[in-house]
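Based on these hints, arrange chain B on the given structure of chain A.
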Amino acid sequence: MTQDTAAELTLPVEGMTCASCVNRVERFLNRADGVASASVNLATERASVRFDPARIDRAGLVAAIEAAGYEVGRDAAAEAAPGEEDAALAADERARAAERRELLWSALAATGIGLAMMAVMLWPGGTPWPMERVNVWMLAPATFVQFVLGRRFLVRAARGLRHGELTMDTLVSMGTLAAYGYSLVITLVPEIVMDAGLTGETYYDSAAVIIGLVLLGRWLEARAKGQAAGAVKALLRLRPATARVLRDGREQDLPVDEVRVGDLVRVRPGDRVPVDGVIVEGASAIDESMLTGESIPVERGPGDRVTGATMNASGTFVLRAERVGRDTTLAQIVRLVEQAQGSKAPIQRVADAVTGWFVPAVVAIATLTFVGWMLVGPEPRLPFALSAAIAVLIIACPCAMGLATPTAIMVGTGKGAEAGILVRDGAALESAERIGTVVLDKTGTITRGAPILQAVTPAEGTSEDDLLAVAAAAERGSEHPLAEAIVRGAEDRGLLVGSPERFDAVAGGGVRAVVAGREVRIGTERFLAAEGVEAAPLAEAAAAEAERGRTPVLVAIDGRAAGVLSLADPVKPESAEAIRRLHAAGVDVWMITGDRQAVARAIGAEVGIGPDRILAEVRPEEKEARVAELAARGRVAMVGDGINDAPALARADLGIAIGTGADVAVQASDVTLVGDDLRAVPAAIRLSRATMRTIRQNLGWAFGYNVLLIPVAAGLLYPLTGWLLSPALAAGAMALSSVSVVTNSLRLRRFRTA
Amino acid sequence: MHDHPTGTTGSARDPVCGMEVNPEVATAAGLTAEHEGSTYYFCGRGCMLDFTDEPHRFFDPGYVPHM
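Line order of the protein sequences matches chains A and B.
Residue 629 in my numbering sits at position 629 of the first sequence; the count goes up by one each step and never skips.
Residue 6 in my numbering sits at position 6 of the second sequence; the count goes up by one each step and never skips.
The following block holds chain A by itself, in its conformation from the complex (with noise of 0.2 Å):
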């Protein structure tokens, strides 16, 4: 056969188990006749076949297939069904997002109606046109604004009100409906205040523009609420869709709901683990780095427990299903990141504690001013006394208030974005200025989260640079992290890396291989001593690298202990630096790992936490109840990356998710960190306290202006000195504080995060 009569054909394969069957498979399409070459995939199901078009078919092969004992399928990658829980998640996410865009496009038509209507009243030279005729073209767009796009506030007024609730809603909807109400008295019967020899000025504009800006507040607000249902999502896609589970003599794919206990479950290489279970046969290296942050894949063999939702990296297994559906390990964890998020308390905003005794003052203060006016004003009593109550009313409308906090908070958390600090909402920054104690998880976020080469320790009569090559060149065939650590050690080294000749990894910890016809074994002591190498010599210079919290890795040469390569997770170069500055900014700072102690406490040393501030050998599923320790002794942060921080990040009272961390971390918590720099996480609290307290002097400003301008508009000054506000005065003044308000929130702008 010529090369340029070959075809190439991928067929999908059915019913291959393992190793076995691939070679069985190859096998027979190898011997049929025409068949250039064949490979088979076991993950992917597939054979590759190269073939000579003139001697065989597309069904020979598939014959040849048969005839091996297996299937050739349909080429339809059955795509699974997304579960309920995915579709509900959806729907709910949808409404939301219907729900965002009609506040946006409610705010933008109102104040748009309402900057319109401005223009026309202040129109330079007086309004060409009668006040009169003016105010009857304004009537219908003021009351769609007034009716349709603010129904909202009406709606949540009246029904607070029935409650004996007096809320934002309730002030905004009695200064509009105030303003409204009289514009609308003027519009229908001018003759009350064209007899009183007031002009026929309507508050139109005012009502609508208050409704508008405070549509935007709320916009500005659900935009930057979080999306609690995103974390649960990344988290139930972690699940696989399928199981091949062993059941009646036959192996089939099932729904992953359908396991039960106690069903044997075949796990093969790249497979997520689909229930959590003990191993009954097979061994493999498992990625467990999105349940435990550890990047380093654990042996796994018969008798172990592993867990759903882990990454089979290597090998092939069955297991013994223990816990499936709402009792996985994953199961409970989507359960605790959606008790954590619902257990916060919901953003307290300083404005809503305030309005609690603001508002019924500002209703006395409007009635007393209407009856005072009554009854000692001057004539005409009525339009006087109802101009007076209602400029109260709009002087109080919390427009500066309702900008006072969104407008910091997009600044805020704009200029955080900048630095790649995500802030999740307003109550996220609320807590940030808070915190007392920040909690960092060691893994992935004091320290870099994968392993290099530290040092290496030649026995006698091994020179450094044989040892490492030697060790380099054996590991090449492998994968596992350690490897790929001692690889990248020795050509850094300059050193030349070969191939092992032979390449053969042990589950339970080692390697054997040929590297330039030598024996070489790579592993821990019990594994040396296991294949008769004397490992004694190196066990002190292992021991003492174990002791500076590094993992040590023994290397035989041809029988004999030739030296010890240690690993370990290194530092980043910037963290000490922003434990330094935490400790500046008053914060009381700890660690927790699962790692041992006697690492854990090498990292602090080197970066500054005190071995009585750190946690150590803390299991996956203690990490929230340790957070939860802290928290109660005041406010902690809890800074982590993987999927098993999620807990901990949503049962902190604030959770920070660093750099590379998992989909979910970063759902889970209130701030995301986008770099790897720790230094974010000072920078982080200080922007927070930055912004709070701009938005502390927003709510002093806009109080400010309404508590001293309220007197005025209720005509206290009149005895005194003639000064009254007129209603339009009173809007004028709101649109001052509001714009003192926003000035105040840009000046954020200028702070420095680095």
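Note that these hints are calculated values from the structure, not bench results.
Watch out, some of these pointers could steer you wrong.
Here are a few chain A residues that face chain B, going by a calculated C-beta distance under 7 Å [what the hints assert, rightly or not]:
id, residue
1, 24
2, 249
3, 264
All residues carry an ideal CB built from backbone N, CA and C; glycine is no exception.
Using the frame of chain A, we list chain B on its own:
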């Protein structure tokens, strides 16, 4: 090389590839074969089919189990 099959507890050896096999797993997956009154357990379908094609080959004293 003539590992005799054991009961459904403990482990058995796949006569084709030499791997340790859990008989319970093999039974559940249908990876067993009867030969001259004994039950043999396999790691996978490939081994089982190889065995049922020509069982005698695997009882040859010279046969070295491999994949």
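Status of each hint after checking the structure:
1. 24: holds, 4 Å
2. 249: holds, 3 Å
3. 264: holds, 5 Å
Violation of the numbered hints given earlier is absent; every hint is satisfied by the structure.
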